[in-house]
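Put together the whole structure using the sequences plus the hints.
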Amino acid sequence: MKTSIWLATMAVAAIAALAWFTKQPEIAQAEIATQPSAAQVQMTSQQNSAYTDDGFHSVEVGLSPSARAGREIWFKATAGNERFHTYTFQQRVGVLIDWFRVLRGDQREQRFKTWGLINDPGCCTPGSPNCPAKSREETYGFDWCPGDETLLKFVGKSGYRDPACDFKDAPAESTDPKGHQDGREDACNLAFGTSTGALGFRKFPNPKFDPVAWKKLNGSLGTWEGYDRKISSDPKRNDAKLSHLSDGSIEPPFRIGMACGACHIAFNPAKPPIDPAHPKWENITGLVGNQYIRISEIMVSGMPSDTLEWQVFAHARPGTSDTSAIPTDQINNAGTINALINIAQRPVHDNTQVLRWRKADACSSGAKEHECWCEPNKPGKCWQRSLKTEAVHHILKGGEDSTGAVGAIQRVYFNIGSCAEKCWLNHLTDLRQLDPAARNFGQTPFSLGQCRRDCPNFRAIEDRLHDILAFFLSPESAAIDLQTARANTHPSKAAYGKDDLTADLEQEFGKGAVSRGRTVFAANCARCHSSSKAPAETVDFHALDPKTGLRADWLGNDALSPVSEIGTNRCRALHSNHMQGHVWEEFASENYYARPVEPNIPEQNGGGRGYYRNISLLNLWAHAPFLHNNSVGPELCGGSTGSYDFYRNSYVDASKPGHPTLPFDKSPACWKYDPSVDGRFKLYVASMNDLLNPSQRILKATKLDRDIVLDVGPRVWDGSEEKLVGFSVRIPAGSTAGKVGNFQHKAFIADLIAAKLHPQQLEKNYTTQLGAANAHQLVLAMQDTANAIVQDPGKLVDAIKSARARLPLLGEVYSSCNAEIENDGHRFGEDLSPSDKKALIAFLATL
Amino acid sequence: MRTLPLLMIAAVLPLSGCDYIKNLVTAKPDIFYAAFGEGYAAKPDLAQLEYEHPLSAKELVKVTPQYLDTLSQEQLDQLYARLPAGPIPDGAFDGSIVFPKGSSGKLRLAEILGGLKGLAAQFKGKKLEIIGETLWKGKVFYRDEKVLRNRIEDLTILRPIIGAGEIPKISVDGRDAWLLFPAKLYCGQSLLDSRRESIIIDYAFTDELPGYRERPDSLAGRNGLKVRDEIRMIRPGLYLGRAYLDRAFGLNFILENKTLAKAGEADFLAGKIAQECWSGA
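From first to last, the protein sequence lines stand for chains A and B.
The first sequence begins at 1 in our numbering and counts up one residue at a time.
The second sequence begins at 1 in our numbering and counts up one residue at a time.
Honestly, the hints are just simulated from the structure, not real lab data.
Every residue gets a Cβ at the ideal spot worked out from N, C-alpha and C, and that includes glycine.
Treat each hint with caution, since some may be false.
With a cut-off of at most 16 Å between alpha-carbon atoms, the simulated EDC-like pairs for lysine to aspartate or glutamate come out as follows [unchecked claim]:
| id | chain 1 | residue 1 | chain 2 | residue 2 |
| --- | --- | --- | --- | --- |
| 1 | B | Lys146 | A | Asp210 |
| 2 | A | Lys157 | B | Glu276 |
| 3 | A | Lys230 | B | Glu276 |
| 4 | B | Lys146 | A | Glu251 |
| 5 | A | Lys216 | B | Glu208 |
Listed next, with one range per pair, are the computed distances between beta-carbon atoms [as the list claims (entries may be wrong)]:
| id | chain 1 | residue 1 | chain 2 | residue 2 | range |
| --- | --- | --- | --- | --- | --- |
| 6 | B | Gly39 | A | Glu565 | 48 to 58 Å |
| 7 | B | Ser72 | A | Lys388 | 35 to 45 Å |
| 8 | B | Glu52 | A | Arg827 | 51 to 61 Å |
And the structure:
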């Protein structure tokens with residue numbers, strides 16, 4: 001009896017425990033003939049040259065061969081992740097992406113407003129003037145893009161030759177061992193496919209596609225609507241929430257992949273498009289970072305809006321991404337897509353102990369493969385893993401990527417899904433695995449050595465990382481100053497110079513504001529936001545480095561600051577994937593592992609966690625809102641409506657218990673996306689005012705905007721009514737989304753059982769962390785909670801609420817991050833006079 | 001009250017007819033299993049294990065259901081991860097459940113609970129096995145239709161639960177069974193080992209398949225217990241499977257067709273077995 005009770009407890013507790021945060025303390029035969037014949041497609045495309053890849057290459061002028069190669073890889077290479085984004089993520093992780101919803105050609109005009117995606121200038125809507133494709137059936141509902149004259153012939157067939165096979169490699173690095181120069185991996189494994197119509201998102205023909213089955217499901221070859229249509233229109237049926245997106249037997253016409261550019265390609269702040277839905281190549285740059293993309297919503301686009309996945313993840317602000325959501329560390333901590341500016345000037349940190357793989361021409365006899373490995377059939381192409389002292393960049397919000405720039409670039413490919421199946425998916429946490437002795441209960445580190453050996457896509461990227469770095473170091477990353485932007489976008493101001501900018505800024509912010517702002521900056525900000533070694537008072541922050549021609553000062557030292565000192569939302573600083581024993585262990589330095597514990601925050605940390613790096617303020621005028629989560633400044637929205645309106649009001653009433661969301665009419669309106677120079681500048685000014693006046697900020701904390709209902713047990717249809725054999729757990733709207741995501745359900749379940757079976761041991765386990773008295777209280781509270789759940793599982797929400805109300809300490813123990821407010825902290829400068837604040841805003845706009 | 005037995009049937013779809021071969025095969029397979037520790041982090045990397053200790057056809061032909069019964073869950077995992085998906089089967093297979101032993105020799109379920117109630121949990125596992133043996137006889141693959149149906153013992157006592165109406169039957173080796181719980185068959189993701197695909201037996205859209213009956217088939221479907229099985233081939237005629245309920249691992253099972261085993265052995269040893277699913281290459 002006892003066992004069954006505890007089995008039941010365990011089975012329901014995972015779901016039940018999510019309620020923890022409900023209360024604040026916080027058919028038809030397909031006519032194959034409708035498919036275009038290869039000859040038709042070929043002829044049409046040859047008759048039209050408006051939509052080609054020429055535009056993409058036209059803006060390569062000025063790039064070195066290596067940087068050119070790097071740019072093409074950055075924009076197009078998926079390194080084989082189309083399988084991940086089509087099958088693996090859905091089936092193994094259980095999260096559905098509705099690719100048609102995101103990429104459908106008939107919504108090309110809305111794509112930017114809805115998803116923040118940037119239309120590929122080389123693509124066109126079938127049927128539009130000069131578009132090679134005349135109907136959506138020809139493209140299966142997608143845009144027509146360069147290369148589709150070939151790709152479309154292979155939908156449902158094997159034998160597609162990827163355009164990457166024709167990639168023009170740059171000369172190999174002369175400093176590389178000869179085996180590396182001669183032995184680069186086949187470029188086909190870069191896997192370009194063709195554009196989907198949204199830059200960075202690539203499509204591949206699915207050889208398993210069955211047009212007959214597809215037409216039966218969708219009614220037409222030109223739509224995926226039957227695939228994503230809800231199975232039932234009866235809201236009382238659970239099928240009203242489900243679609244065939246979860247049917248793994250269905251093979252769509254395309255597999256969708258993602259290049260790094262998916263998130264990093266952006267509008268050029270200095271050359272914005274007249275119409276964001278119709279950009280030209282000159283309006284696009286690859287390294288600024290898309291400040292409007294809703295990548296979280298895209299990744300959960302096939303999930304109903306009342307699911308845990310949607311509610312917890314689809315609230316990240318535009319331009320932010322929780323890169324540790326798929327390789328989950330169970331910390332809800334979306335961060336901005338970092339702008340890559342003036343990389344040649346970015347500080348490096350000496351004396352960093354870096355254990356990593358380095359190129360070699362041979363391995364000593366007897367060397368073990370985990371220490372040195374030579375690629376078969378590639379003479380002299382070896383890799384040796386060794387510990388050396390190096391000067392490295394601090395990359396990511398907490399400087400977690402700390403084994404060198406190419407290592408950081410390499411990790412991005414894992415972040416976009418490359419080599420998932422062969423290398424790292426087996427090392428992730430399975431949130432449903434509750435047995436601590438079973439695989440995937442928690443993360444384990446994946447091995448770069450194993451990945452190199454087993455995944456050719458990895459090698460294809462690795463052998464060209466220096467090209468990507470060359471792209472990063474190219475003029476593409478050069479700072480884009482407001483002065484240049486205004487000169488570019490206002491023909492009448494073609495001669496708009498430094499003095500003109502100063503005059504305009506002083507007209508807005510007061511006489512002498514720019515000059516005064518420099519003084520204020522040197523005295524108050526440069527300690528963290530300057531890379532110069534000289535005393536700040538003597539530094540010309542506009543001076544150029546004669547070697548690079550770039551601004552010498554990077555306007556940030558990339559040093560680490562304890563998160564308590566910055567005071568901003570600490571969840572991102574608690575990111576744990578780079579810790580020893582975790583999935584990205586090999587991307588962190590020994591120095592990272594050895595960072596001292598941050599003693600001033602309640603959460604367990606250490607092992608590298610607890611810090612933010614001091615970021616660069618270069619081109620701040622173009623990158624508002626601010627902070628690592630884009631939370632300081634106006635909230636942004638695309639302006640789409642209905643089910644495509646993803647804006648979630650996060651302003652809260654801090655004066656009321658539980659910090660409820662402010663009504664819309666009491667909240668500041670969101671600002672529509674405006675990538676124009678003026679639009680960016682206005683957003684900058686508003687965000688700076690918000691930054692420098694923290695006491696006037698309306699606090700933000702994203703809440704669930706729908707109840708999440710989790711059924712425990714099967715549903716039975718009796719012919720008239722659907723009944724749940726079991727019970728439901730409801731997490732009400734208004735709960736803090738981040739806290740739901742941060743709940744450590746595995747530890748909670750284990751401790752529930754331990755509190756009943758081994759209370760003394762549990763108490764002992766927590767004594768060191770919490771102290772004897774608190775540990776005792778915790779055990780008592782967990783025993784009460786366990787008893788209440790066993791007695792009436794239907795009332796478990798109340799039981800948990802009650803326990804947490806009695807012992808708030810439970811919130812600290814069973815949450816990876818307890819911080820709720822998203823836009824607090826970074827109060828530096830709040831004591832400046834109003835005129836000095838204006839001056840600082842004026843000065844920073846010049847940098 | 002009638003729902004519970006139905007739920008039990010659906011939950012044990014992959015369970016055993018337990019027609020174990022009594023005569024042990026002459027030689028135990030020489031298959032290497034890496035050492036492992038108690039916690040999840042102390043389990044060996046599957047890619048490295050396969051690189052260093054790949055399975056050979058010569059040893060796999062020696063694998064028997066009895067041999068599998070001697071393995072722990074981790075050893076079953078290590079075996080499964082090194083198997084190819086093999087061809088999608090065709091025809092009738094007998095089914096057996098594999099209850100792995102934990103490091104203490106108890107059923108793993110008992111160990112999860114900390115060892116306290118080991119005996120009781122073992123008893124519970126045994127009950128589950130008995131239900132499986134009684135009700136579920138195996139699976140029938142309709143390869144060309146990409147459909148699978150389960151062989152359920154046509155017990156009179158179950159008729160009131162299942163309801164009136166004609167139920168298709170199959171006779172295998174002189175034993176009749178109903179064909180219930182249809183499922184879709186396709187190549188898809190393994191929930192244990194991502195490095196190559198498995199053959200998926202998916203009940204989510206069971207209601208779209210010919211012969212579907214609301215009772216009891218829906219219980220395995222997307223609004224029921226969300227049963228999803230995956231199998232990989234040990235050798236022709238013998239597949240190792242893993243059953244999941246709503247993507248949470250439930251059971252290991254084996255599917256066996258002795259006729260196919262004999263017919264395919266020579267090709268298997270010669271490395272001539274087709275791989276229909278993505279092999280990771």
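Taking the hints in turn, this is what the structure says about them:
{"no.": "1", "hint": "Lys146(B) x Asp210(A)", "result": "holds, 13 Å"}
{"no.": "2", "hint": "Lys157(A) x Glu276(B)", "result": "holds, 15 Å"}
{"no.": "3", "hint": "Lys230(A) x Glu276(B)", "result": "violated, 31 Å"}
{"no.": "4", "hint": "Lys146(B) x Glu251(A)", "result": "holds, 13 Å"}
{"no.": "5", "hint": "Lys216(A) x Glu208(B)", "result": "holds, 13 Å"}
{"no.": "6", "hint": "Gly39(B) x Glu565(A): 48 to 58 Å", "result": "violated, 36 Å"}
{"no.": "7", "hint": "Ser72(B) x Lys388(A): 35 to 45 Å", "result": "holds, 41 Å"}
{"no.": "8", "hint": "Glu52(B) x Arg827(A): 51 to 61 Å", "result": "holds, 56 Å"}
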